[in-house]
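With the hints as extra help, turn the sequences into a complete structure.
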Amino acid sequence: MTDNLQPGSPDKEPASEEQAAQVTLGNTEQAEAATTPTAPHKRPTLGRLFLENLWAANTFTVTLLSLVLAMVVGAVLMIISDPKVLATYAYITARPSDAINASWTLVSEAYANLFKGSVFDPGATTLTAALSPISETLTYTAPLVFTGLSVALAFRGGLFNIGAQGQAIMGVVLAALAGFLLPLPYGLHLLVAVLAGALGGAVWGFIPGILKARTGAHEVINTIMLNYIAVYFLTWLIVQNGVQDPNRTDAISRPVDASAQLPRLFGEPLRAHAGILLAVLVTWAVAWLLNRSTLGFELRAVGANPDAARTAGISVTRTYVLVMVFAGALAGLGGSQMVLGTTAAALTPLVIAQIGFDGILVALLGRVKPWGVAMAALLFGALQAGGNRMQSYSGISLELVTVLQALIVIFIAAPALVKAIFQLRAARAARLQTSLAKGW
Amino acid sequence: MAVPDVAVAAVDEGYWTRTRKVGLVLLALGLLATVLFGALATGEQARFTLSEDAAGAALEINGTVGAILFGLITLAAGAAMLARLPKRWFIPMLAVGLVAFVLSFLCWQVSAAPTGQNFMPLVNIVRGTFLLALPLIFGSLAGVLCERSGVVNVAIEGQLLMGAFSGALFGSISGSVWVGLVAAAIGGSFISLLLAVFSIKYLVDQVVMGIVLNLLALGITGFLYERLMQTDAARYNSAPRFSNWEIPLLSDIPVLGPALFRGNIFLYLALLLVLVTHIALFRTRWGLRTRSVGEHPTAADTLGVKVLGLRYRNVILAGAIAGIGGASYTLALFSFTKNMIGGKGFIALAALIFGRWSPTGALLAALFFGFADQLATYLGAINSVIPGQFLAMLPYLATILAVAGLVGRVRAPAADGKPYIKG
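Order-wise, the sequence lines are chains A and B. Here my numbering is used: the first residue of the first sequence is 959, the next is one more, and so on. Here my numbering is used: the first residue of the second sequence is 163, the next is one more, and so on.
Keep in mind that the hints were calculated from the coordinates and are not lab data. Don't take each hint at face value.
[To be verified] In silico BS3-like links for lysine-lysine, alpha-carbon gap of 27 angstroms or less:
(1) B/K468 with B/K363
(2) B/K500 with A/K1042
(3) A/K1042 with A/K1074
(4) A/K1377 with B/K584
(5) B/K183 with B/K249
(6) B/K584 with B/K363
(7) B/K468 with B/K584
(8) B/K363 with A/K1377
[Unchecked claim] Sample of chain B residues lacking proximity to chain A, with all beta carbon distances greater than 10 angstroms (derived):
(9) V227
(10) L247
(11) G449
(12) L526
(13) I562
Only a predicted model underlies this, so the values are computations on that prediction, with no experimental measurement involved. Glycine included, each C-beta is placed from N, C-alpha and C at the ideal position.
In structure tokens:
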């Protein structure tokens, strides 16, 4: 076994500030606790502190500015892909107002729809219509919380779980099978289906975990491969007898029984379901696991420095396996939301959309901390919900949301770039590093 | 580095050497082939025609006889490995065993096909294999260039997609295949430029960056596809296509001729690039520097190699190659559609790893994966009992087995994925 198989191991090369920061990733929270001024000898006023911090390159400012930068790039994409608006740029030197007005109308309308679709629509007249954007946002948020937590948990243990997609697929498969094959009463049926989802994901997480622990096979490679194996398994399973909907010829499974579906939160037309409550509960549980439990301590120790953890008597192999099983179970729960919630009731080849890959972005945006992940999932859920409205009202393709999401994370991942663009004051580097550098 | 509490299963001591383990696996496969395939095969003649259809000359064998015969060959290869086999015979024996296993499987499948379809057109199979392997070859070459110089390239998918898109867009606007080809190379290198800047300058984790760039490429191409190509397909999505070039003399070789030497520019380019990359990587000064930067950048730097500059250049070059690979779709076969690469970039990554980070290895792995893909199509056409999805899983399973050390150990360049900070 060579050095490069140990993620997060301290580099033998001369360490720089950034590298030191990357190694401490697992201990971000301690680092933050340590940097909070606890012994104020010359305490500045609260207001002054606030103003000073506002333009410093801290987590919040960088996140906000990344969002702004992403939206600016999104606006440019909208303008260059609209032939009518682009035509006004042909005579921009003669009448610049035309180009500016046309661009402003296009972009502001699109982003206004993004907001109306995800947060609040001022034009809403009924209570249902007023609640609808929030309901949509929560519907999209719930599964992302789980997949985001899955990736974040593995990250803290020093593993990069790109397999959330595959684990979510195995989760959705088992949850759906339990949902329409088992004749169980209300309540119990839902519980069994949710647990089946977690089990499916856990099994799919166990494989790369045990391979990493026993043979040193890199989890990034294995999880990528397992993602595709899961996809093909799903497409094969859907068309089997007993699974495929007998009334359909296309690739769709039987629908999940009503007794296994998550209850709606705000009544019939609104789609928000109890999955979001489960998501909050699980976020709390993961936060507890990471910060208060022995396993969490061992996990963070292994993530920060496996060699030191091993010296301290922690079984690294056991931790790797457990981390991946937990991460898989979380992703499986996320997948189960896609058939037990209101998004769909039956398996289709694309039933879980991109929630696994989005989970990676969510985890990075949330700085791999449980509550941060939950907030990041909320932002991504809002973008998704708003994107739907933007597509139907402004004719801006939903793909723009994918672009925005990717750009936000690119900027987050390179805080030095954001800092340079906006001339931010330097803040402590440790809080800004989101990713840990490692090889295959 | 010694890792005390990790049980290393791959490196064997004592009786169960790697050769014996592989021998045991082959023995099991041979038994499976002889008994199961032999029993399921029918007495029909299995015909492997040397043409594109049932007509013409063919290699023929009775289904049951073939399945059992080739199964026995696999069995024999396994037994030879279990007995003392000189080390130099390991690879040839493994190849013989596996090929015989596949042939036994084919004898069963072809003989059990519906009446009138008991033939396998070899020209189609070979041509399809190469066609399906094309983006994989370009993609895994891009991976070789990147990773040999120490930058993990998970963004192959994004580079292929961006290449396919810009090839289609600018090929359509200009009406010229050559403009499209250049645009595809530029599109692919745009994604890899981002990869280079963020991973080399801003030290972002390279795997993270690769994943995000894949999504970015998916988003941008999908967005512009819906905004431009769907609204005005005639103007933005009707790129001209490269025609097939027939190479005189070589195209008259049976089976290989019509399958390989009547192809389009991308096929020739891919094979040429494999050759060029192989020679460049292992026989030139640039190659030595690239490999040393990928294995031990500090040592290379000490000797005066410009580590970061070399990494920038190689990563961008890799993007251009992957971009051309993407264009092998849009400038030769199909018009652009959303997410048209559909995971091929990740199979290319698998081919790169399976081929152990070498150009020729990547080519062979890509062909193997292409063959699995083509076989899935063929078996679908003859209503086989083997679901195509399981054959489609084969590349991914093979890669997992490879990295887990079950078929020999694969090892990445030592500095792969580690940012280099001059200090």
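Quick rundown of the hints versus the structure:
1. The suggested pairing of B/K468 with B/K363 holds, with an alpha-carbon distance near 14 angstroms, which does not exceed 27 angstroms.
2. A distance of roughly 24 angstroms separates the Cα atoms of B/K500 and A/K1042; the hinted pair therefore holds under the 27 angstroms criterion.
3. A distance of roughly 25 angstroms separates the Cα atoms of A/K1042 and A/K1074; the hinted pair therefore holds under the 27 angstroms criterion.
4. With a CA separation close to 22 angstroms, the supplied pair A/K1377 and B/K584 stays within the 27 angstroms bound.
5. Taken as a hint, the B/K183 and B/K249 pair is honoured in the structure, with Cα atoms around 14 angstroms apart against an allowance of 27 angstroms.
6. Annotation: proposed proximity of B/K584 to B/K363 holds, straight-line Cα distance about 11 angstroms (limit 27 angstroms).
7. At most 27 angstroms may separate the alpha-carbon atoms for a hinted pair to count; B/K468 and B/K584 meet this at roughly 10 angstroms.
8. About 14 angstroms separates the Cα atoms of B/K363 and A/K1377, which keeps this hinted pair within 27 angstroms; it holds.
9. At roughly 32 angstroms, the least C-beta separation between B/V227 and chain A is larger than 10 angstroms, which holds for a residue marked as non-interface.
10. For B/L247, the condition that its CB be more than 10 angstroms from all CB atoms of chain A holds, with the nearest at approximately 25 angstroms.
11. With 10 angstroms as the threshold on Cβ separation, the claim that B/G449 sits away from chain A holds: the shortest Cβ distance comes to roughly 20 angstroms.
12. No beta-carbon of chain A is positioned within 10 angstroms of the beta-carbon of B/L526; the least distance is around 18 angstroms.
13. B/I562, annotated as away from the interface, has a beta carbon of chain A within 10 angstroms; the closest lies near 5 angstroms.
Checked against the numbered hints listed earlier, the structure breaks hint 13 alone; every other hint is satisfied.
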